[in-house]
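Chains A and B supply the protein sequences, listed in that same order.
Note that the first sequence covers residues 1 to 444 in full-length UniProt numbering.
Note that the second sequence covers residues 1 to 444 in full-length UniProt numbering.
Bear in mind the hints are in silico, worked out from the structure with no lab data behind them.
Mixed in with the good hints there might be a few duds.
Computed far set for chain A versus chain B, every beta-carbon distance over 12 Å [claimed, not checked]:
1) A120
2) Y179
3) R228
4) E242
5) E279
6) D315
7) E381
No more than 25 Å apart at the CA atoms, straight line, and that leaves these computed lysine to any residue pairs for SDA-like [what the hints assert, rightly or not]:
8) A:K284 with B:R178
9) B:K295 with A:R31
10) A:K87 with B:I44
11) A:K117 with B:D34
12) B:K140 with A:H190
13) A:K284 with B:G177
14) B:K184 with A:K117
15) A:K140 with B:G192
16) B:K295 with B:E30
17) A:K117 with B:T86
18) B:K167 with A:P25
19) B:K87 with A:K295
20) B:K184 with A:F136
21) A:K295 with B:K295
22) A:K174 with B:R178
23) B:K167 with A:H293
Quick reminder that beta carbons are idealized off the backbone N, C-alpha and C, glycines included.
Number of protein chains: 2
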Amino acid sequence: MSKRQLKLGAFFNVPGHHFASWRHPSTQPERTLDLDYFVELAKIAERGKFDTIFFADGFGQELEEYSPSGIKLDPIIIQSALAAVTKKIGLVATVTTSYNEPFQLARKFIGLDHLSKGRAAWNVVTSNSEREAPLFGRDKHLAHAERYERAEEFVDVVKKLWLSIDKDALVIDKESGRYLDLSKVQPVNHEGKWFKVRGTLDAPTSPQGHPVIVQAGSSEAGKELAARTADVVFTAWQTLEEAQAFYRDLKGRLAKYGRNPEELLIMPGVYITVAKTEEEAVAKRKELDQYIHPKAGLKYLSHFFGADLTRYHIDDPLPEHFDGEDKTNPRIRANIVRNIAKRENLKTIRELYEFIAGARGHREIVGTPEQIADQLQEWFEQGAADGFNVMAPTFPDGLNDIVDLVIPELQRRGLFRTEYEGTTLRENLGLKNPARTVIENVKG
Amino acid sequence: MSKRQLKLGAFFNVPGHHFASWRHPSTQPERTLDLDYFVELAKIAERGKFDTIFFADGFGQELEEYSPSGIKLDPIIIQSALAAVTKKIGLVATVTTSYNEPFQLARKFIGLDHLSKGRAAWNVVTSNSEREAPLFGRDKHLAHAERYERAEEFVDVVKKLWLSIDKDALVIDKESGRYLDLSKVQPVNHEGKWFKVRGTLDAPTSPQGHPVIVQAGSSEAGKELAARTADVVFTAWQTLEEAQAFYRDLKGRLAKYGRNPEELLIMPGVYITVAKTEEEAVAKRKELDQYIHPKAGLKYLSHFFGADLTRYHIDDPLPEHFDGEDKTNPRIRANIVRNIAKRENLKTIRELYEFIAGARGHREIVGTPEQIADQLQEWFEQGAADGFNVMAPTFPDGLNDIVDLVIPELQRRGLFRTEYEGTTLRENLGLKNPARTVIENVKG
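Isolated chain A (complex conformation) (with noise of 0.2 Å):
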């Protein structure tokens, strides 16, 4: 048995994860509504070999004078483009279980894994913004609790349509003029609190069975989904001991499940600032910050808190609680810049959105290639992750310099592939494939 590699995914927040990126000379604000941008960035990602193009999703964001954040495509449009052009990386577009219907988003995505060839990927998000709702004619976003069950129950109803039609039942005889072998196709007859749906998909399973299911949750109702569900998990900590508690504590949900640890991949996000020397990528980080407009750095803050931070000044001391947050919901990205405050001693609004606007609460590591391969092989090989989602300050020279510098460092140390393994992204992965394990697993 080979030894046990990285899995990497290229997280595309395009022009860049720092979120004054933007306004850096290097990077082409103007070109993300563009493919050929998207292409460009795509090529460069599958040179390095990584696992997955990975686009986050979320929508109704407010339009901000002086913040890119709001003005995106939708990924999964981006993601089939990008299937022409790629031939081996993973593409994982990011929807949501509150505003879709199964049989809908059952179809897009296996219409995607088969012209990819098996290359596709659903990460799956319940909404965290109650700024969607109103684009669906609702008041109010569902609550936590509601979200996640409808989201388990979401998430069943598309595994059993992707499963629906077996590829073997694709007869395709043209001498006999049997096309399809009935007897391969197994409607599904779903009746749950959320959905009713029969029927069959109108596509066979895929080269990879169905495409690869990703998560992000980690709330108590999000690792448990995790757990029943989840092939890949994307999640964000900062310091080891975190990290191996998350990692150790959803592994150990698997067994209940009948999986095993391997059938889970736990991916946290990582941004990385690389350069030749140490002293030149301190600089580069330190750089970025200078673009931050003191409007666009509260509205920033705004969003992690859920209140409204334009009345502060940007050298204000930072406040316990800020005017309107809302104290009592379970805030994981509010908690998650609260303690990043606390453990890194930031005094001022600020200090704190200077620190958190190039990982946005995700682990940053500045420095040589060394100590970058340094600080991922520590937590891979320490129980803390199965590989990351590895985020660039700026495109498409952040990207380049990650996959310059840092990839060739992991492959001499023998802990990243420098071949794809295989040509699907369950293959890559070391994922099975799931037509051929018993559909009885799918619940219902």
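Chain A is fixed; fit chain B onto it per the hints.
The following block gives chain B in isolation, referenced to the frame of chain A:
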């Protein structure tokens, strides 16, 4: 002003529009889930300077042992992939208004429109199959009138969303840090019978303003919807007289919505079998009928009549009405084929299904390039069509024949372009950019 020219769509019914084409030795039915196949076909269509690649859609179709028609991929996913490998051709995807949310649909199409640099089109349908409802938890499909009422409001909301952020709103000034001009954002605040939508899209207007709207309704409600909202109408007529009457009728309805006749293009479907000699063309047309499996023929007619004909024998005489046929509803598809049977004096079930196996209710032309061009020219010049949605008997050969034989003849006559006029679909179709016209035309 240059001479008025035909507009031509390439109707991608793979592996061929003849419903037994999958059994012909030249076709590749095993590739209909394969992106490389669609890329090859798209390049043929673009070589022929077609205005569009057109994908019909519908789901929940009965899976049949002797027919490939229940197996297919989501059209907008295929078109998004084709956006990456085509340059000038329009990309039409059919999506129903009955089982979608306006925001989700608007967002996907504006995504395709940006990625294709202004080549997207939405073919609006309301779903005509009862089999779709159970996939969405409904026992019954909406009634015809309700479907059209919902469709009308749906299209209005989608257009408002598409126009909610003007492309000039994107200032993207690195120097000042100003990204967006919020005065060029017009949030939607829609509250109607079917939808309540508040907010904006997350992408601005596209290089062609917004996607082209295509419709296919020929009912009274369908014609009104088209007259008010469509840019292109796809329709099915057998005779010059019928087509002229429809053309006059529909164009005559535009004035009351403040539109000029040239703002709506009428493009009937036409099934073309072409060869260098007439004999060869006729033989080619006949050849495909031998591949119709009797069970597939009966099933196929069943769909037209909305009744199960599998109890009949293929050589039975055609009855006035089939057992179980619904005679009360307006049944456009049933009436089309019944009229064909009368006009062509078809005596048996087999004669009927062989007659319609290729054109499927659309006009059929068989002959030399000159004969084909004569007939297309007649309709075009005699007020029956602005262009055609062209159906190839087989892919790729049937489409190649049309591109290599018919297109050059149309070009010789000055009836069809030798190069694309512009880069967007609207430029090629000669339609104006709706983002530059007054927004108040969209019904509030």
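Structure-based check of each hint:
Not every CB of chain B lies more than 12 Å from the CB of A120 of chain A, the least distance being 10 Å, so the non-interface label is violated. Look at Y179 of chain A: its CB is around 5 Å from the nearest CB on chain B, not clear of 12 Å, so calling it non-interface is violated. The claim that R228 of chain A is not at the interface with chain B holds, since no C-beta of that chain comes within 12 Å of its own (minimum 23 Å). With a least CB separation of 32 Å from chain B, E242 of chain A remains clear of the 12 Å interface cut-off, as annotated.
Residue-level check passed: E279 of chain A sits 26 Å from the nearest beta carbon of chain B, beyond 12 Å. Non-interface call for D315 of chain A relative to chain B: holds, since the shortest CB-CB distance, roughly 18 Å, exceeds 12 Å. The Cβ of E381 of chain A lies farther than 12 Å from every Cβ of chain B, with a closest approach of about 39 Å, so its non-interface assignment holds. Restraint check for K284 of chain A and R178 of chain B: satisfied, since their Cα atoms lie roughly 23 Å apart, inside the 25 Å limit.
For the given pair, K295 of chain B sits about 53 Å from R31 of chain A by alpha-carbon distance, which is inconsistent with the 25 Å threshold. Proposed proximity of K87 of chain A and I44 of chain B is supported: the alpha carbons are some 23 Å apart, at most 25 Å. Distance check on the hinted pair: K117 of chain A and D34 of chain B sit about 8 Å apart at the alpha-carbon level, within 25 Å; holds. In summary, the hint linking K140 of chain B to H190 of chain A is supported, as the alpha carbons are separated by about 17 Å, within the 25 Å threshold.
Restraint check for K284 of chain A and G177 of chain B: the C-alpha separation of about 19 Å stays at or below 25 Å, so the hint holds. Between the alpha carbons of K184 of chain B and K117 of chain A the distance comes to roughly 42 Å, so the proposed pair goes past 25 Å and is violated. A threshold of 25 Å between alpha carbons decides the hint, and for K140 of chain A with G192 of chain B the separation of about 18 Å falls inside it, so the pair holds. A distance of roughly 21 Å separates the Cα atoms of K295 of chain B and E30 of chain B; the hinted pair therefore holds under the 25 Å criterion.
A threshold of 25 Å between alpha carbons decides the hint, and for K117 of chain A with T86 of chain B the separation of about 20 Å falls inside it, so the pair holds. Taken as a hint, the K167 of chain B and P25 of chain A pair is honoured in the structure, with Cα atoms around 22 Å apart against an allowance of 25 Å. Using a Cα cut-off of 25 Å, the hinted pair K87 of chain B and K295 of chain A is violated, with the two alpha carbons roughly 40 Å apart. Distance check on the hinted pair: K184 of chain B and F136 of chain A sit about 23 Å apart at the alpha-carbon level, within 25 Å; holds.
Between K295 of chain A and K295 of chain B the CA atoms are separated by roughly 69 Å; this puts the pair beyond 25 Å, and the hint is violated. Of the pairs offered as hints, the one joining K174 of chain A and R178 of chain B is violated, with about 62 Å between alpha carbons and a cut-off of 25 Å exceeded. Simply put, K167 of chain B and H293 of chain A have alpha-carbon atoms about 23 Å apart, close enough for the 25 Å limit, and the pair holds.
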